[in-house]
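Undergrad: Here is how the chains run, residue by residue.
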Amino acid sequence: MAEADSSLEIILRNYSALAQRLAASHEANPDLARDLAQEILVAVWRAWPAFRQQCSERTYVARIAHNRIATYINRAVRQPALIELSEDLATSAPTPEDLAIRGDETRRLMTMVRTLPLAYREVAILILEGFSPAEIADTLGLTPNAVAIRGTRARDLLRALLEGRP
Amino acid sequence: MNEKLASDWNDLAKLWQAEAAAVSVDDIEAHLERHRRHMLLVTVSGLASVFLGVAAAGWLAFVLPYRWLGLIVGVFVLVSAAVLVRTRGDPAPGGSIDVLQSLKESLDREDWIAEQLRFGRALSFAGLFAIVMASGSQLRHSRLDSLPVLTASSVAAACVLAALVWNVVLSRRSRRRRHRLEYLRDRLKP
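Chains as they are written, first to last, in my numbering: chain A, 1 to 166; chain B, 1 to 190.
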């Protein structure tokens, strides 16, 4: 039990920020995002004893987090508005002017990331978290080449969004 | 990733990682407690449904003299409960497989759930057919008043129909989940 408690403390210390950012980048409602982050951390804690160094620790955590997020998105069928479905940039997203007035750059970036199409969003989030292309490929099950292509496209989309270009 | 791209990302990554809220052990314990309460509610409502079904079967078989109806409802309720228990369970997402593989496994699981639900629907229709046939036979051969037979048959049919309605609800949810999983997989795969 003490071992479980200590592993939970390690997970919370090292990965709670990652879990919260991952959750917030898929869920706009702060309460639901907090709940999702907690669910991710619980899933990581439960899977922790099965970690056998088969990949890096943070890749292991990111895989669990993304698998949990996929389950969450899958369950949230009654709340489709929370998930960006369009391959195009969302037209209903707040304009850059609105966001600039708010003055919160981090939140603005988070909002922009949430409007990215899913394929680019997943790659963009992991790049922003400091994962290498190989780690991202390992986490998502993509080839490094696909990661590089999506990374470039995600950056272009983010830049366009941040600069307020259509 | 080339240097220009890395430099573009570095600025954004600094901004991205600037906000780091903490989650405490108390938050996790509260989350687990909420989850435990939810699961308790699900288990209690499942047990209550089975209890009601078994009680209806017992009432039909022992209070009213319609053992054949009681037997049909009893077998139906118990088999449905067994199928539901087998179908339940949320496999914990592991860290040993990547997201695309995880989605594939989830899709396979949805197919399996749909199969169980199809079996449940077939069982419901078989149950309804058996009730109608048994009631018809009883009405043809019984010299007694037909009202008690019809009342007992209606109770038995209501039990089976309630399960059938729940099955249809679960099937619709399963189809939507499958559609959503396919959507995610199609967006993510290269």
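Calculated from the structure, these hints are not laboratory results. Don't take every hint at face value.
Reference listing, derived: stretches of chain A covered by chain B, where coverage requires no fewer than 3 residues with Cβ under 8 Å from a Cβ of chain B [to be verified]:
(1) 8-14
(2) 27-33
(3) 49-56
(4) 60-73
For each label pair, taking beta carbons as the anchor points, the in silico distance ranges come out as [claimed, not checked]:
(5) PHE51/B x THR143/A: 50 to 60 Å
(6) ARG107/A x GLU29/B: 56 to 66 Å
(7) GLN17/B x GLU163/A: 13 to 23 Å
All C-beta atoms, glycine included, are put in the ideal place defined by N, C-alpha and C.
Undergrad: Look at each hint and say if it fits the structure.
TA: We went through each hint and held it up to the structure:
With a cut-off of 8 Å between beta carbons, the stretch 8-14 of chain A has 3 residues touching chain B; three or more are needed, and the interface restraint holds. Look at the stretch 27-33 of chain A against chain B: 0 of its residues bring a Cβ nearer than 8 Å to a Cβ of that chain, fewer than three, so the hint is violated. For the stretch 49-56 of chain A, the stated coverage by chain B is satisfied: 4 residues place a CB nearer than 8 Å to a CB of that chain, which reaches the threshold of 3. Coverage of a stretch by a chain is defined here by at least three residues with a beta carbon nearer than 8 Å to that chain's beta carbons; for the stretch 60-73 of chain A and chain B the count is 10, and the condition holds.
Range check, PHE51/B to THR143/A: about 54 Å between beta-carbon atoms, so the 50 to 60 Å window is met. The beta-carbon spacing between ARG107/A and GLU29/B, approximately 28 Å, falls outside the hinted interval of 56 to 66 Å. Range check, GLN17/B to GLU163/A: about 22 Å between beta-carbon atoms, so the 13 to 23 Å window is met.
In terms of the numbered hints stated before, the structure departs from hints 2 and 6, listed from lowest to highest.
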